[in-house]
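Visitor: On the provided structure of chain A, position chain B as indicated by the hints.
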Amino acid sequence: MSTADANIVKLADLPKPQDFRLSDTERKDILHEISQYPEARAASIEALKIAQRRLGWVPDAAIAEVAPLLGISTAELDGVATFYNLIYRQPVGRHVITLCDSVSCYLTGYEQTRDALIETLGIQLGQTTPDGRFTLLPICCLGACDHGPVLMIGEDTHLDVTPDTVPAMLEAYE
Amino acid sequence: MSATDKTALTHPLTHSIAPDRKPLDLAGYQSVGGYTGLKKVLAGIAPADVQAQVKDANLRGRGGAGFPTGVKWSFVPMGEDAPPLKYIVCNADEMEPGTFKDRLLMEAAPHQLVEGMIVSGYAIGASTGYIFLRGEYVLAAKHLRAAIAEARQAGFIGKDLGGSGWNFDLHVHTGAGRYICGEETALLNSLEGRRANPRAKPPFPQVAGLWGRPTVVNNVETICNVPHIIAHGADWFRGLSQGKSEDGGTKLYGVSGKVRRPGVWELPIGSTGREILELAGGMKDGFELKAWLPGGASTDFLLPEHLDVPMDYGSIGKAGSRLGTGLMTVLDDKASLLGTLVNLEIFFARESCGWCTPCRDGLPWTVKILQALECGEGEPGDIEQLEAMTSDLWMGKTFCAHAPGAMEPLQSAIKFFRPEFEAGIRAGDSDVRAA
Chain A
1 MSTADANIVK
11 LADLPKPQDF
21 RLSDTERKDI
31 LHEISQYPEA
41 RAASIEALKI
51 AQRRLGWVPD
61 AAIAEVAPLL
71 GISTAELDGV
81 ATFYNLIYRQ
91 PVGRHVITLC
101 DSVSCYLTGY
111 EQTRDALIET
121 LGIQLGQTTP
131 DGRFTLLPIC
141 CLGACDHGPV
151 LMIGEDTHLD
161 VTPDTVPAML
171 EAYE
Chain B
1001 MSATDKTALT
1011 HPLTHSIAPD
1021 RKPLDLAGYQ
1031 SVGGYTGLKK
1041 VLAGIAPADV
1051 QAQVKDANLR
1061 GRGGAGFPTG
1071 VKWSFVPMGE
1081 DAPPLKYIVC
1091 NADEMEPGTF
1101 KDRLLMEAAP
1111 HQLVEGMIVS
1121 GYAIGASTGY
1131 IFLRGEYVLA
1141 AKHLRAAIAE
1151 ARQAGFIGKD
1161 LGGSGWNFDL
1171 HVHTGAGRYI
1181 CGEETALLNS
1191 LEGRRANPRA
1201 KPPFPQVAGL
1211 WGRPTVVNNV
1221 ETICNVPHII
1231 AHGADWFRGL
1241 SQGKSEDGGT
1251 KLYGVSGKVR
1261 RPGVWELPIG
1271 STGREILELA
1281 GGMKDGFELK
1291 AWLPGGASTD
1301 FLLPEHLDVP
1311 MDYGSIGKAG
1321 SRLGTGLMTV
1331 LDDKASLLGT
1341 LVNLEIFFAR
1351 ESCGWCTPCR
1361 DGLPWTVKIL
1371 QALECGEGEP
1381 GDIEQLEAMT
1391 SDLWMGKTFC
1401 AHAPGAMEPL
1411 QSAIKFFRPE
1421 FEAGIRAGDS
1431 DVRAA
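Protein chains in written order, with my numbering: chain A, 1 to 174; chain B, 1001 to 1435.
The hints are simulated quantities; they were obtained by calculation from the structure and are not laboratory data.
Since we're looking at a predicted model, the values are computed, not measured.
Hints may contain errors.
[Stated by the list, open to error] So these bits of chain B aren't anywhere near chain A, every CB distance computed over 10 Å:
id, residue
1, Q1153
2, E1192
3, A1200
4, G1243
5, G1339
[Claimed, not checked] Pairs of lysine-lysine residues, derived as BS3-like cross-links and limited to a Cα-Cα distance of at most 30 Å, are as follows:
id, chain 1, residue 1, chain 2, residue 2
6, B, K1159, A, K28
7, B, K1022, B, K1040
8, B, K1397, B, K1318
9, B, K1022, B, K1006
10, A, K28, B, K1142
11, A, K49, B, K1022
12, A, K49, B, K1368
13, B, K1368, B, K1397
14, B, K1368, B, K1334
15, B, K1039, B, K1006
16, B, K1397, B, K1415
17, B, K1142, B, K1201
Quick reminder that beta carbons are idealized off the backbone N, C-alpha and C, glycines included.
Chain B on its own, in the form it takes in the complex:
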């Protein structure tokens, strides 16, 4: 699809992005409808009504968990008795392996995120917003800082915005690595200048988050949708899915791996893996699709037979995986399944924050077993041990979702490709096992 086919009404997130990805300045962004949502809000929509519209729009969190955004916001104390300081934080720590969507939004449409932060901040009555950006996104940091400076100059950030009596400030906070910073409570610890260990929940951040104040943490893509919902309405937003999903909006989908043209596209939410693969030109010559991760390293593998499942939170969940970030990684038939799993689990083991024992010790153990299987040195009982891991490192037994995320590709790989695991058991030993 060429850029000219895109309009604010069909491709709200990417219509303003030129093929060379050069970002629009404030005037350019306003000329394509930018800051319409914010102006509408400041002209007299009450925060509660902004929240209601986002709830009606069926916008679900685009960071991976898919929690309804309006519902998330509704837990924030509002009204005269609410604490005077509240925070809106954007999770821009995009580090889920296989994911490259928020980079596009921040590098190429920085004003959209800035507007989204202001409108979202208004909706929950926040005094300050922080964009927690991974340190490696140097260009995104530059573009966002420039956009914030322009917005401040134009009076979209500051005191008594639009005569509403509401004050709002916005900052970019850059990180210094570590995947765990994407976990929302670990992110808050990191933002406060601490080690990025997750916090116990409850209390949830909406009640006691940054510096103990009510705080909402939303993903970049989630926040970028908000001003469009206000500008064009909840009904319009729900209709963007074109009946493909009960969820509202478009979604940034993409694919990487051995495909002809890897990339990222804005499509109606509920589009299928097959449609995304077709946009990528299919598999490269000589490669067949063996399996795919629908939305990052921490999602269960799916098979070619799942390519027609709508890529939304509910449908991918029913198929046995998670939508996650919605950026597919394809495993081709020439790649080693066990090698890929070793790669995935080394990542999770290395990025564990070390806070709780199942994660800190269980993940390296998982790696060790998989490495043995990969080189044909596995022992009888190894597969059963890995299966036990997928239960012992699961939700409720670990402090956060890091280790359970690591278990998702593993449990699905055992389910679909058990013979490849069995082939990794030492020849002499497999007889013993059979007996």
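The following block holds chain A by itself, in its conformation from the complex:
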């Protein structure tokens, strides 16, 4: 089976964004987060992260599911969701690459790393590869400036990333 076929199967398993319903586990996890605060809405960001786990992004239907748990309107929750850059309100790839473009990485050559990523992936910043594998985004300082250029792929932090190390690094992400 080619990689492309594998991807089709995976995508078919996922619910349609408009049919998104919280699972029992997701609902339970959100209620647990809410229990840590005197006001439910304080768990907004954690709740959005939980809602984002399955698809990698937060569709409208998820906002509508989560907002009542937090006791706020869908508009208020969407206001929160669209403010923070790690909450995605449109589809992203299976792996989101966040590339630091702040001053220390600028001075240590992040632009060369960025260009290597753009060339290897065939997409610009803000775009997703046609096979849905990677989304490439800029991000502000990742707090590892002694090892610039720095980027994250999902929850993994990669240090001292140069054009030479880009291809091998990407291979680890199916």
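Guide: Just chain B, lined up with the frame of chain A:
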């Protein structure tokens, strides 16, 4: 300096950190003196006395502003008439470009921060503590949560701690990006599940903060110092600066950019930029130091001639900049000054929360002018316009310190390197300007 030279008395913040940065568990942390400060407090030091010791220690806020910690705490209502709910919040949203110190403390010494949160919470009579951690610090979140669970198990978090009658709970709250969350009132809005717009001050958080309750927000490094002050005393803490500064304690200093061995080190506060550069092995071959930011993107550039200025709040202030986070970023002679400024101002423009007009509209305008100058397409009057920005986007004209912070590297760059700005004005136009 090797790890073995470090002791709790010389390097309180980092002595427990192994070279591989693997964190100590509760037993390991206790075996190197951990939780001594907390036990001492619970054995019968009154909250007011904890506050007094921190004040006497001359500990100043390590997040960047340098406000004396004990004084900050003293505005919190105490005693029987005080509100029953108060909060201690740790600002662990480390996102100031060029800064990588709190990551080390949280990943490699999580129990130290947990102990600091409990002792600081005790000092202000807080009922709950929240560590507001940036979402990208995945490993720090894991280590802190594990440390909190261990501390709770050991009876350091919970009800009637040490028989004192004081109850305290502690949580990790992770963010989802945005630099503005580091502004303390924006952080409180974010923690409450709102957009991270700053709040009007007054009222200050110590009086009306999280959910309208008295709240203290302190930086990670600040809070990590607190248990050591209690364990070893204010006199000892003041002496850690070894006469290099009137401020007390050690400081995590570091450097990034084109240096041989970028890194972070715990040194007496008041150590100099030159000492830090030497620890980093100096500039890489073929690169000369042109200028440096002493403590993050929102601090004014300094020059090589400032390398012997003590890196403390007062001295760096007198030299025309701010200590900020104390992590230097070096600008080398091969880098483009205007390119660096474009990079810095794009960052600030992108991270503006959009709440007030000078910041929301002024920062992108600043970027546009700098980009024109960078490619030699500047127009006569551009430099004067940038200078006007450094006044129009300054304190008092904006809602918070975000835009003023953005103006600091810009105003100092114009002051030190004006010819490079002038060279960016279109050739034909510079004649007109001269006339």
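Visitor: Run through the hints listed earlier and report the numbers of any the structure violates, in increasing order.
Guide: Those not satisfied are hints 2, 5, 12 and 17.
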